[in-house]
Amino acid sequence: MKKRTVITKLTGIFAMGCLLSGFLAGCGSPDASGTAAGAKDGGEVIVYNWGEYIDPDTLEMFEEETGVKVVYDEFETNEIMYPRVEAGASQYDVICPSDYMIQKMIDNDLLQELDFDNIPNAKANIGAQYWEQSEQFDPGNKYSVPYCWGTVGILYNKTMVEEPVDSWSILWDEKYADNILMQDSVRDAFMVALKLNGNSMNSMDPDELAAARDLLIEQKPLVQAYVIDQVRDKMIGNEAALGVIYSGEAIYTQRENPDLEYVIPKEGTNVWIDSWVVPKNAPNKKNAEKFIDFMCRPDIALLNFEYITYSTPNDAARELIEDEEIKNSSIAFPDLSQYANLETFNYLGDEGDELYNEMWKEVKSN
Amino acid sequence: MIKKSAEKIYIALIVLFMYAPIVTLMVLSFNNSKTRAKWGGFTFKWYVELFDNQAILQALSNTLAIALLSAVAATVIGTVATLSIAGMKRRSRAVFMSVTNIPMLNAEIVTGISLMLLFISFGVRFGFGTILLSHITFNIPYVILSVMPRAKQLNPSVYEAALDLGASRTQAFFRVVFPDLLPGILSGFLMAFTMSLDDFIITHFTKGPGVDTLSTKIYTEVKKGIKPEMYALSTLIFVTVLILLLLVNYRPKPQDASIPGAERTKK
Amino acid sequence: MRKTTGKKPESPRIIYFNQAAMTAPYLFWALAFIIIPLLMIFYYGLTDKTGAFTLANVAAIATAEHSKALWLALALSLVSTAICLLLAYPLAMILANRRVSQQSFLVLIFILPMWMNFLLRTLAWQTLLEKTGVINAILTFFHLPPLNIINTPGAIVLGMVYNFLPFMILPLYNSLTKIDPSVVNAAYDLGANGVQTFCRVIFPLSIPGVISGITMVFVPALTTFVISNLLGGSKILLIGNVIEQEFTQASNWHLGSGLSIVLMAFIIVNMVLTGIFDKNGEGTAL
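Respectively, the protein sequence lines represent chains A, B and C. Per our numbering, residue 1 is the first one in the first sequence, and the count goes up by one each step. Per our numbering, residue 1 is the first one in the second sequence, and the count goes up by one each step. Per our numbering, residue 1 is the first one in the third sequence, and the count goes up by one each step.
Keep in mind that the hints were calculated from the coordinates and are not lab data. Accuracy of the hints is not assured; some may be wrong.
[Stated by the list, open to error] Simulated crosslink set (SDA-like; lysine to any residue; CA at most 25 Å straight-line): (1) 34(B) <-> 179(A); (2) 49(C) <-> 108(A); (3) 131(C) <-> 164(B); (4) 152(B) <-> 179(C); (5) 4(B) <-> 24(C); (6) 131(C) <-> 152(B); (7) 224(B) <-> 256(A).
[Unchecked claim] Calculated from the model, a selection of chain C residues having no Cβ within reach of chain B, i.e. all distances over 10 Å: (8) 32; (9) 65; (10) 144; (11) 187; (12) 196; (13) 207; (14) 220; (15) 230; (16) 247.
Glycine included, every Cβ here is placed at the ideal spot set by N, Cα and C.
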């Protein structure tokens, strides 16, 4: 006889809870009618992008201007995105992978060529140097349109690190044990170790890779956590002294915590580009191109730059930046000719993927 | 006396342990700073912004819709299944019950992955439908296990008496048997609803583009830092449930029969 | 799951409607969404990329990094289960001895946290435990040494205990409330002291609750990948993390399925053990 009240209560709570939350959800439903109207006009476009990698206002503006409804989904790393697209059970129209992953997708016949007549803003606004850089993974610039680019470097807290930071080797300094945040993605983590050893970050040499793996294992006791985007929150909160981070996050974190500083280590680093691509099985290619074109408009690219603070390859948008300091910031728009040993990731084939994954697992499980 | 206060202290400590993170989340919902790492002063603005945040509200309505639909479907399928299993011979009953137990006892990650493989192999497009099917699947066992004890306690002679007195099978069932099953059915439904509401892992593997539940939304946000609106929403949900609980608790208690199986929860 | 003993009379069989028509929907559902998906895991787990039969994916559990992840997961989940049991048993006894009117309210207090999303609650522990987190702020305020538990196995155990404690409390509470007080009184009347009564009467009678509590904590703890990710700083790889990564990142479904089969073996062992202890067939595994 004791349990009956529990159930009666739960039922009551449930009924009332449903009413209330239904009301709550109802508040969000103007969207439901809005989408129906949007769908009637121009159909939809399914976008698969990095987490927090766009100003949500621009999506609304796109919907308003074109009548195309945006279905938006997010991924965390290239490696998480790829199997979802490859499996084909999730169909996307526009995806924003990085350089080496675009190469992999081209190699595995997952992408379709873009019709640049439908994307006039791309060639008009995006700087020549970025197209040139894209040639490395997309020969002939047939499949991709650059969206953001940047470097990978060390973000450090000036109050916790006294000596000048200019080398990856500081991430192996025992003084900073438990104060180091490493990247939790295979290629980025190995890039750091390979560069420190003076190797190419696209190395396929088993000895070089084994050396890099051992270096990472040696570093593990000093590492506070392997994180991806959480570096941002943790560095702002003074949780760690040093973190490996994408240059785009540097401006954001500095705004929140002025003690932080970003450097590109002297051993060289990864210069990456994230570009819009359209997969082969995209249900709405026309809308996808409309979307890419919209994102290449200078005013829209500017909004996105200001929101996500990742460097834009859109020269026309850069011209529009009002804050001179940001416009000429060496973090957002570094002069790459100053740095040695800059590289871009290449796709290393299934074999390379397997080799890296295997070694990474050995690091992580050690 | 000492024993009583020791007991009280013990309960208090465990309550503290259980509620410390919840209080933390509530405090964060009033934090006037975008990151959880910094206290930026007191504000109500996230509660205002919550109602403008289409993505979160959409996730909320998805979550509720999936929980409600899957719980209803699981309750219907599960109840019918229970009655049929109860009418089986011992051996086939054992087989059916073992199959029923699989989704409950198996690791959620394995269930999620197996459903993902199924949908991919049969070329089903991931989306709202695949999440719903998966949720129904893992909800059915909770319903069966809640209704089964009731079904076993049924007295067949009552049903037969009803038939003898001229009731049709349908009448006899709905007038005589069903009321006896109802408490079990209700608790199974509730259990299914709660499980579906709280599920992350299985949804994670079977969700499609643009369809997020609160859990998957939060998991994506974890990486970049949870949006404070999410704290505000959770606080609202929690406070609502708490207030309802208090209201119901201090209301005269209605009578109904005890419900075995109500306690059967599993993550 | 029910272990039927010969002596027990079978519960009455009643057939209300057409038995076949009533069985069909669930039979179909169970085949389509339970059996076939499981077979697919076995298919993937026992084949390689070319589709040829192999045991390599299952045997891969023996490699250093996989077996380490498995043992670590086993160790952490056993420790968490034990802690849950130790914490929950006294609590369940206290609750069961309360006035009936209080009981249900108190029990609800322990279920209530489950209505707040478990990812958020786990993340909140990060805020509490971090180096510059709430707990350390309090400790420093009282000039106590800081607690460095975040990103260690300790934090993962804490997360497991926190998330799964209600699943231990409920079955224990249920089995304890089912004990007839007159049995306990009889023990006292016959001269048993408190400890004896507990060891000889109360505890044995609560075994079904203990068993189901253990199962309900152990299985999710063994297989979690979320808690280890959020509170372990991704430094600690449990078997759940390995499987998740094989599917979502390395896209090696064959290996992921092979390891899932190993994981299932452990769960089956758990089920069998449960069945052995579950002598009267009352408790079921839940």
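Hint check:
no.: 1; hint: 34(B) <-> 179(A); verdict: holds (23 Å)
no.: 2; hint: 49(C) <-> 108(A); verdict: holds (16 Å)
no.: 3; hint: 131(C) <-> 164(B); verdict: violated (74 Å)
no.: 4; hint: 152(B) <-> 179(C); verdict: holds (21 Å)
no.: 5; hint: 4(B) <-> 24(C); verdict: violated (55 Å)
no.: 6; hint: 131(C) <-> 152(B); verdict: violated (55 Å)
no.: 7; hint: 224(B) <-> 256(A); verdict: holds (14 Å)
no.: 8; hint: 32; verdict: violated (8 Å)
no.: 9; hint: 65; verdict: holds (18 Å)
no.: 10; hint: 144; verdict: holds (17 Å)
no.: 11; hint: 187; verdict: holds (19 Å)
no.: 12; hint: 196; verdict: holds (18 Å)
no.: 13; hint: 207; verdict: holds (16 Å)
no.: 14; hint: 220; verdict: violated (4 Å)
no.: 15; hint: 230; verdict: violated (7 Å)
no.: 16; hint: 247; verdict: violated (6 Å)
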